[in-house]
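Engineer: Next come the chains, spelled out residue by residue.
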Amino acid sequence: MAELNIRNAIKRYGPVEVIHGIDLDIADGEFCVFVGPSGCGKSTLLRMIAGLEQTSEGQISIAGRDVTHAEPAKRGVAMVFQTYALYPHMTVRQNMSFGLKIGGTEKTEIARKVDEAARILKLGDYMDRKPKALSGGQRQRVAIGRAIVRQPEVFLFDEPLSNLDAELRVEMRVEIARLHNQLGATMIYVTHDQVEAMTMADKIVVLRDGRIEQVGSPVGLYEDPDNLFVAGFIGSPRMNFFAGKVTDMHDAGVTVTLPRLGDVAVPVATDAPLEIGHAVTVGVRPEHFDPSGEITAQLAIDVVENLGGVSYAYSTSQDNAPPVIIEWRGKNRPRQGGTVAVNFDAGCALLFDTASGLRLR
Amino acid sequence: MTKHNIRTSIGNIFVLLLVFVMLVPVIYMILMSFRTGEEIAADPLGMPSGLFLGNYINTLESMNYFRSVANSVGITLSVTVIVAFVGSLAAYPLARSTNAWGRAFIMLVALGLATPAFVTITPIYVIFRQVGLLDNYVGIILAFTALNLPLAVFFYVGFIGAIPRDLEEAAKLDNCTDFQVFWHVIRPLLGPATATLSLFVMLMVWNDFTYPLLLLTDPDKFTVMISVYRFVGNHNIEPDLLFPAAVLGSLPLLIIFVIFQRRIVSGVTAGAVK
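Residue numbers (the UniProt record's numbering), protein chains in the order written: chain F, 1 to 361; chain Y, 1 to 274.
For the record, the hints were derived by calculation from the structure and aren't laboratory data.
Among these hints, one or two may not hold up.
Derived Cβ-Cβ restraints for the label pairs, each shown as a range [claimed, not checked]: (1) Ser317(F) with Arg7(Y): 56 to 64 Å; (2) Lys101(F) with Leu108(Y): 37 to 45 Å; (3) Asn99(Y) with Lys101(F): 28 to 36 Å; (4) Arg211(F) with Leu108(Y): 41 to 49 Å; (5) Asn99(Y) with Asp209(F): 22 to 30 Å; (6) Glu57(F) with Gln180(Y): 24 to 32 Å; (7) Gln261(Y) with Glu57(F): 51 to 59 Å; (8) Pro116(Y) with Thr108(F): 57 to 65 Å; (9) Val131(Y) with Lys107(F): 42 to 50 Å; (10) Ile255(Y) with Pro15(F): 56 to 64 Å.
Every value quoted in this text rests on a predicted model; they were computed, and no experiment measured them.
Ideal Cβ placement from N, Cα and C applies to all residues, glycine included.
Next comes chain F alone, as it looks inside the complex (with noise of 0.2 Å):
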């Protein structure tokens, strides 16, 4: 097992760059998601690790070790793929076993990998089948296994559940945490599911566009977020933002006023220097509305969702600008139709340069 440093990679495809200069930090046996919308980097930028993809500038270490341009099967690591890339002639043995049979390992020692793997991942019963006599989810428990023989010192994941139904990848999602623990191992996971990557993940690495725009840990992500992006990103339902101005200045922060609930005055701690008529945008999650809360605004509801134990109540505005989404838990839950004051506390506001999209701390 090892640690991984990424300095300065930067990826191009001719004269576009599409990873523009990624420096990061993975420590031994730790679990670290790659997340982010499609198109912004994050299986490239897996794939420079594994080494299937040229790295154009800058320099991949895996256990202090330069593998910038090393073969992929020459830099330790193992990847489970999105399609389980399990190969179609051969039985789920042969399947496990290919890779160390090309590398010139004793028939006895793979033996003895290749059980241990089927034993930890339970496909003892399933070792003479092919793949195609798989269900998806055993299927992807011989793509792990494959990988586990090659005791690798970086297990790479890129978005192995995504071809399974919503219960299988629940299941998978507790296994390869499971299995985490039980290996010990550093492991990268790419995922475009924020749920796999908030419940799996020891760091969370957001990418947009090519670049990293936070590192941290889920809660730490999810609480404190850099900018606009990442708060908008994590979390489900996604943060309410209001638009809105600087009003007032205080000791303690500045009173933000939001047309979008009723001119609301807002006060929010903050120590960025900002000045009265400052655009600015006001983020709060729909869990924060709370009766209790000091803040009060009217809304009208036009959907509401309910899941049972909690419901979400969606406003629309008329001008075209993503709904506020309210999280509602007990009784008296809004009807759809109706207006509701709502309540949340200014403490949970979070506070972002509309410009800039930066948060101001």
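Given chain F's structure and the hints, the job is docking chain Y onto it.
Structural biologist: Just chain Y now, with coordinates in the frame of chain F:
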């Protein structure tokens, strides 16, 4: 009878008619092979009066059958194996090439498909005469290989293009060299395609007349088709020998087709459905 049934019945009759038209020459050849020369001369379209096997015995003695079949089998199998191996090996990088040169090369190969075989025979004859490959098994195998490689490359490029790249990348992570990726991962997946291609190549090589006629002169090296043609004279034919010879000449290929039929069909239809 419903409208649907009537339409199906008309369709079936049309197909049967088409099959009959295609089989008439084969049926005629088989029927004639059991008639004596006099019977055929008296009534060319008549039915055989019995199963007269004397024609076959005479033909086997006079056409050096087993030797020519051995020659044809040896040449056909050699060409098929080389074409399948070299063709798939050449197609692999071409199928994965994303640059303009790769695409241009594929178009160049496609030009080879469009070139008639008789256009290449003269240069091949001249070159082979210079390097001493006339009347030589290696020469005829090389000539047929060159003739069939464009088809093989073009054919395999399509099939390999449909194989997910993830498999190759997984193999690279499994420590494979480029050739090992081809040998252990790509090649086994080309089974149905290879069976189909092999059929096309076998048919072409087995039935070809021009190349062996021009490149082979020693009767011991003649292929079946040349041996069959010996019964066609300049001014007359010997039907009691020609028809059995034609049946015997087609028989080995028919047996091969029956054996490989299932794989060939799966190769032709591969990729049609997921």
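Engineer: Look at the Cβ atoms of isoleucine 255(Y) and proline 15(F) and judge whether their distance stays inside 56 to 64 Å.
Structural biologist: holds, 59 Å
Engineer: Holds or violated: 37 to 45 Å for the Cβ distance of lysine 101(F) and leucine 108(Y)?
Structural biologist: Holds - the Cβ-Cβ distance for lysine 101(F) and leucine 108(Y), about 38 Å, lies within 37 to 45 Å.
Engineer: Per the hint of 42 to 50 Å, is the separation of the Cβ atoms of valine 131(Y) and lysine 107(F) within bounds?
Structural biologist: This hint holds: roughly 48 Å between Cβ atoms.
Engineer: Range hint 22 to 30 Å: satisfied by the CB atoms of asparagine 99(Y) and aspartate 209(F)?
Structural biologist: holds, 26 Å
Engineer: For asparagine 99(Y) and lysine 101(F), compare the CB-CB distance with the range 28 to 36 Å and indicate the outcome.
Structural biologist: At 34 Å between Cβs, range holds.
Engineer: Determine whether the Cβ-Cβ distance between proline 116(Y) and threonine 108(F) falls within the hinted range of 57 to 65 Å.
Structural biologist: holds, 59 Å
Engineer: Starting from the range 41 to 49 Å, see whether the pair arginine 211(F) and leucine 108(Y) falls in it by beta-carbon distance.
Structural biologist: holds, 43 Å
Engineer: That 56 to 64 Å hint for serine 317(F) and arginine 7(Y) (C-beta), does it hold up?
Structural biologist: holds, 60 Å
Engineer: Using the beta carbons of glutamine 261(Y) and glutamate 57(F), state whether their distance is inside 51 to 59 Å or not.
Structural biologist: At 56 Å between Cβs, range holds.
Engineer: So does glutamate 57(F) sit 24 to 32 Å from glutamine 180(Y), Cβ to Cβ?
Structural biologist: With a Cβ separation near 30 Å, glutamate 57(F) and glutamine 180(Y) satisfy 24 to 32 Å, so the hint holds.
Hint compliance for this structure: no hint is broken.
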